[in-house]
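**Q** Chain by chain, the residues:
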Amino acid sequence: EAGVVQSPRYKIIEKKQPVAFWCNPISGHNTLYWYLQNLGQGPELLIRYENEEAVDDSQLPKDRFSAERLKGVDSTLKIQPAELGDSAVYLCASSFSDEGPLNNEQFFGPGTRLTVL
Amino acid sequence: KQEVTQIPAALSVPEGENLVLNCSFTDSAIYNLQWFRQDPGKGLTSLLLIQSSQREQTSGRLNASLDKSSGRSTLYIAASQPGDSATYLCASADAGNMLTFGGGTRLMVKP
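Line by line, the protein sequences are chains W and V. According to the working numbering, the first sequence is numbered sequentially starting from 1. According to the working numbering, the second sequence is numbered sequentially starting from 1.
Simulated from the structure, these hints should not be mistaken for laboratory data. Cβ coordinates follow ideal geometry from the N, Cα and C atoms, glycine included. Any given hint could turn out to be false.
Anything over 10 Å on all C-beta distances counts as not near chain W; from chain V, calculated [claimed, not checked]:
{"no.": "1", "residue": "Leu-49"}
{"no.": "2", "residue": "Glu-56"}
{"no.": "3", "residue": "Gly-71"}
{"no.": "4", "residue": "Ala-79"}
Some chain V residues close to chain W (C-beta under 8 Å, calculated; not the full set) [to be verified]:
{"no.": "5", "residue": "Leu-44"}
{"no.": "6", "residue": "Leu-47"}
{"no.": "7", "residue": "Ser-85"}
{"no.": "8", "residue": "Leu-89"}
{"no.": "9", "residue": "Met-98"}
{"no.": "10", "residue": "Phe-101"}
{"no.": "11", "residue": "Gly-103"}
Quick list of in silico lysine to any residue cross-link-like pairs, SDA-like style, CA-CA up to 20 Å [what the hints assert, rightly or not]:
{"no.": "12", "chain 1": "V", "residue 1": "Lys-42", "chain 2": "W", "residue 2": "Arg-9"}
{"no.": "13", "chain 1": "V", "residue 1": "Lys-1", "chain 2": "W", "residue 2": "Arg-9"}
{"no.": "14", "chain 1": "V", "residue 1": "Lys-1", "chain 2": "V", "residue 2": "Lys-42"}
{"no.": "15", "chain 1": "V", "residue 1": "Lys-68", "chain 2": "V", "residue 2": "Pro-40"}
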């Protein structure tokens, strides 16, 4: 069974340029997460989707970041314009959430390493 | 707001040693706690998940314990091997399955 797929794996851009990351979750997983991981730190949640709906985007810098999850499957995270401080690894994760006890393990993709010059 | 801390930040041990990684959290109202492994340049691999009602979980040479009342979890690695070298992250999950991560422990096992 394929895991969480992310592309591209690496991206180098100049500041003020736009950039987009793509994520394909594990088949059947209804919940999708985007995390930001700075060097030497743990991941921090940016946004969480339940199917097509963004249910937690409080940590997403909405002035430059946007995300969408059309049809409740794939998701795209966009930054426009990118700043030097956006250099980090962007991780996507997915899980299957039901109405039972919340023991929903999250599975992570390999991440996209963004470098802004 | 939940805060998760991992000590030590880095650890270097000779091969064969048993070792313990520590994780502490400030809010005991967690639903589960997960331990992850992250290799350089790679994503996170889930190692163990402990439900809030459980005290420990075991997988091979790994054993994770959870003490909600004291806000602590430990990951025990028996008979460490060079292939265990990686960063180990713990994360607590809240009612919405939102994970709060610690900063990780960078482990190096020397042959």
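**Q** All hints, please: hold or fail.
**A** Outcome of the hint check:
no.	hint	in the structure
1	Leu-49	violated (5 Å)
2	Glu-56	holds (15 Å)
3	Gly-71	holds (17 Å)
4	Ala-79	holds (26 Å)
5	Leu-44	holds (4 Å)
6	Leu-47	violated (11 Å)
7	Ser-85	violated (16 Å)
8	Leu-89	holds (5 Å)
9	Met-98	holds (6 Å)
10	Phe-101	holds (3 Å)
11	Gly-103	holds (5 Å)
12	V:Lys-42 with W:Arg-9	holds (10 Å)
13	V:Lys-1 with W:Arg-9	violated (32 Å)
14	V:Lys-1 with V:Lys-42	violated (28 Å)
15	V:Lys-68 with V:Pro-40	violated (31 Å)
Going down the numbered hints, you'll see the structure goes against 1, 6, 7, 13, 14 and 15, while the others check out.
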